[in-house]
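Peer 1: Chain by chain, the residues run as shown.
Number of protein chains: 2
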Amino acid sequence: MKSKAVFYHAGCPVCISAEQGITAALDKQRFEVEVVHLGEDSSRLSDAENAGVKSVPALVIEGQAYHINHGADLSALK
Amino acid sequence: MKSKAVFYHAGCPVCISAEQGITAALDKQRFEVEVVHLGEDSSRLSDAENAGVKSVPALVIEGQAYHINHGADLSALK
Numbered sequence: 229m230k231s232k233a234v235f236y237h238a239g240c241p242v243c244i245s246a247e248q249g250i251t252a253a254l255d256k257q258r259f260e261v262e263v264v265h266l267g268e269d270s271s272r273l274s275d276a277e278n279a280g281v282k283s284v285p286a287l288v289i290e291g292q293a294y295h296i297n298h299g300a301d302l303s304a305l306k
Numbered sequence: 229m230k231s232k233a234v235f236y237h238a239g240c241p242v243c244i245s246a247e248q249g250i251t252a253a254l255d256k257q258r259f260e261v262e263v264v265h266l267g268e269d270s271s272r273l274s275d276a277e278n279a280g281v282k283s284v285p286a287l288v289i290e291g292q293a294y295h296i297n298h299g300a301d302l303s304a305l306k
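Protein chains in written order, with this note's numbering: chain A, 229 to 306; chain B, 229 to 306.
Hints listed in this document are in silico derivations from the structure and should not be mistaken for laboratory results.
Every residue, glycine too, gets a C-beta built ideally from N, C-alpha and C.
Across the chosen pairs, the derived CB separations fall in these ranges:
| no. | chain 1 | residue 1 | chain 2 | residue 2 | range |
| --- | --- | --- | --- | --- | --- |
| 1 | B | K282 | A | K282 | 14 to 20 angstroms |
| 2 | B | K230 | A | V263 | 22 to 28 angstroms |
| 3 | B | N278 | A | Q292 | 28 to 34 angstroms |
| 4 | B | N278 | A | Q248 | 18 to 24 angstroms |
| 5 | A | M229 | B | S274 | 42 to 48 angstroms |
| 6 | B | E260 | A | K306 | 38 to 44 angstroms |
| 7 | A | D275 | B | A304 | 33 to 39 angstroms |
| 8 | A | K256 | B | Q248 | 14 to 20 angstroms |
| 9 | A | K282 | B | L305 | 22 to 28 angstroms |
Below 30 angstroms or equal to it, Euclidean Cα-Cα: the simulated DSSO-like pairs (lysine-lysine) are:
| no. | chain 1 | residue 1 | chain 2 | residue 2 |
| --- | --- | --- | --- | --- |
| 10 | A | K230 | B | K230 |
| 11 | A | K256 | B | K232 |
| 12 | B | K256 | A | K232 |
| 13 | A | K230 | A | K282 |
So here's chain A without its partners, still in its complex pose (with noise of 0.2 angstroms):
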């Protein structure tokens, strides 16, 4: 079975450098990848806070959360 990771974002430029390098490098063979737009779905953004993400982009992987560069913080998406 394939582990979840899930990359929140917000769509900004270094969103889209984090998703395009990061994100797009992870073996999809291993992990099954979600891609959350959070200035979009703002009913993930409490997904986003129980998984420990204070910022974007971030790469929840296993649970885990990883802040990748800072392009927001999630209360400025609220």
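Starting from the known structure of chain A, arrange chain B on it as the hints suggest.
Peer 2: For chain B alone, coordinates are given in the frame of chain A:
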């Protein structure tokens, strides 16, 4: 030919988490991954700086630096 990915770290807990989470999740079919401990190999500090690395842990993929969470500033390793 595989692309190059270099993970710079300093042995800190945040670094180890990022290595186990992100670096381990990269597609090894497409990326040749090198792990560099800047605390033990300070000769690589200039490589990291030239790639735009400001803090560790950081992953440089195809010349682009991605800072993953924050363990220590590069300046603290000199």
